[in-house]
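Asks: Could you slot chain B onto chain A? The hints should help.
Below are the chains, spelled out letter by letter.
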Amino acid sequence: MNLVPITYKGGIYRHDEIMDLIEDLGGYIIQKHILAQEVVLQALVPREDIELIARIGKPLTGEIIPSPLVGTEIAVVTMSLEIHHLPHASCDVAEYVRRMGAKTNMVGLARGFGKRIAQLNDEERDVINEHDLAVYLLGDFETCIEYKFPVIRRGIHVPIIVLGGPSTETLKKIIDPPVDGYVGNVGRFMHRTKESDELEMLDQVVTEITRVLDKKREEIAKDPPTVSPARLMDVISSQVDEIHEVLSPTPITVQMTGLRVKLPYDHFAPVLKDIVVEEGITIGEVAEILPSRMRDYILLRIKPFSETNIMV
Amino acid sequence: MDAIEYFEVESPEETGRAYYRRIADIVLLDHNLLRVIKKLHISIDPRIPLFIAVGVTKKIPRVVRVRDIADVNVQERKVTLSIGDETYLAPLLKILWAEYGGDKVIQPDRFTVILNIEGADGHQIEEIPVIDPSESLYKDLIYALLVIQPEGFKVRRQYYGKEKFYLVASENTLPENFEDLVKEKFALMGESL
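Residue numbers (the working numbering), protein chains in the order written: chain A, 2 to 313; chain B, 115 to 307.
Hint data in this document are derived by calculation from the structure and do not stem from the laboratory.
Yeah, the Cβ is synthetic: ideal placement off N, Cα and C, and Gly gets one too.
Some hints could be false.
[As the list claims (entries may be wrong)] Residues from chain B shown here face chain A by an in silico Cβ test under 8 Å; the list is partial:
(1) Phe121
(2) Glu128
(3) His145
(4) Pro243
(5) Pro247
(6) Pro264
(7) Gly266
Just chain A, with the same shape it has in the complex (with noise of 0.2 Å):
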């Protein structure tokens, strides 16, 4: 079964039975979110079930929107969190790539700012490393990205991309090795992006970042997850009890390979390693449950049909 990431925007009426059918065709609603009168479901379903779960949402204003970012988790990497950066441009892009569908987290750097004296730690890092992708937010001056950028990208191993002032030309000149993705012309800015060219701006990042995944995408299609996440996370929510008192908007996240659970390592670990997902596989057979190093939060990272031979 193809699974595809939709969108499912619509009225708060009898919404249910659109979550309901969702569920019955075998597809997973990673989130849901209810705006006033509006709910908006973020979704992975069957390919072939668009177009049924379209007619049936149609009385009920609802619309479904194709979002390749569904079911991803991003880092937003800004050089600090100061009002240099914030809340233009960093929030800008992280919302802007939130509304595609994507997770998106803002890692606010400690030392990032500065040309000789940027730098990185460890916690960063790993960080950074536990997203599926990092949006690196730079500055204006080729000079400072020229010097600086190879500091800060040290020891991260998922792709990049990188935005900055300069163009995506320069960009793609002066960073070496080469990263991912380069969107130019996003770099330090001190208004709100609201003018049609500024927005066109920031689908060119999303457009980068949809180009960069669906390559790790095909990547990950040649050794597939021994078990898809989004079925993990059904298995888990259905299975953990607590999970429902979490109060953050993604207790379980769904990443592209593995899932970031927001309980605590300690005590939960050992009860995720045992749960059954199908005939006798527990999680602990087709994941490594690592400590995060958000918090002490859980992270599930699905190993390859390779390692374990099972397909579930």
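Replies: Below, chain B without anything else, positioned relative to chain A:
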């Protein structure tokens, strides 16, 4: 509102220069400072790195004295201040308390302050300085420049006074001749420090 007379940003990198011109414009506008600046020259060299901002302000309101905000009426055993502008009432009361003691200063209503003192010199009270608006204005100005400058330039020198100000910042030790550089930038605007 008069437009700013001279406003330039210089940098060896053209794209960076254009961005910083926009940033400076927006920050000054947001902090409501464009109306007090007459000339401003910003120079950023990311290679050293060094940030220099020099500028001239328009005429700044002088020190506010008691006579500017209140009518002073001296009677035999008391002095009555009728407050015209209550913007600076709080700092005024603070000064009066320190000068005459809290029990001698009575404020029966919002716009009246009575001093229970004998044989006061009305003229002397009128001349008491209440606040120097330029002080906070220059502080705001320097704060705005700190927001404009690239982040991480923690080594800095600043100066303000006599309608001129400058800020030099870097992440390294400042060059020894930074005062000459500042003078050069002032000369570009046709001014001297």
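Asks: The structure should be examined with respect to each hint, and the outcome stated for every one.
Replies: How the hints compare with the structure:
About 16 Å separates the beta-carbon of Phe121 (chain B) from the nearest beta-carbon of chain A, more than 8 Å, and the hint is not met. Because the closest C-beta pair between Glu128 (chain B) and chain A is about 10 Å apart, greater than 8 Å, the hint is violated. This hint is violated: His145 (chain B) has a C-beta 11 Å from the nearest C-beta of chain A, more than the 8 Å allowed. The criterion of a C-beta within 8 Å of any C-beta in chain A is not met by Pro243 (chain B), whose closest approach is roughly 33 Å, and the hint is violated.
Here the hint on Pro247 (chain B) is broken, as its CB sits about 24 Å from the closest CB of chain A, past 8 Å. With 8 Å as the threshold, the beta carbon of Pro264 (chain B) comes within range of chain A, its nearest partner Cβ sitting at about 7 Å, so the hint holds. The interface hint given for Gly266 (chain B) holds, since its Cβ lies 3 Å from the closest Cβ of chain A, which is under the 8 Å cut-off.
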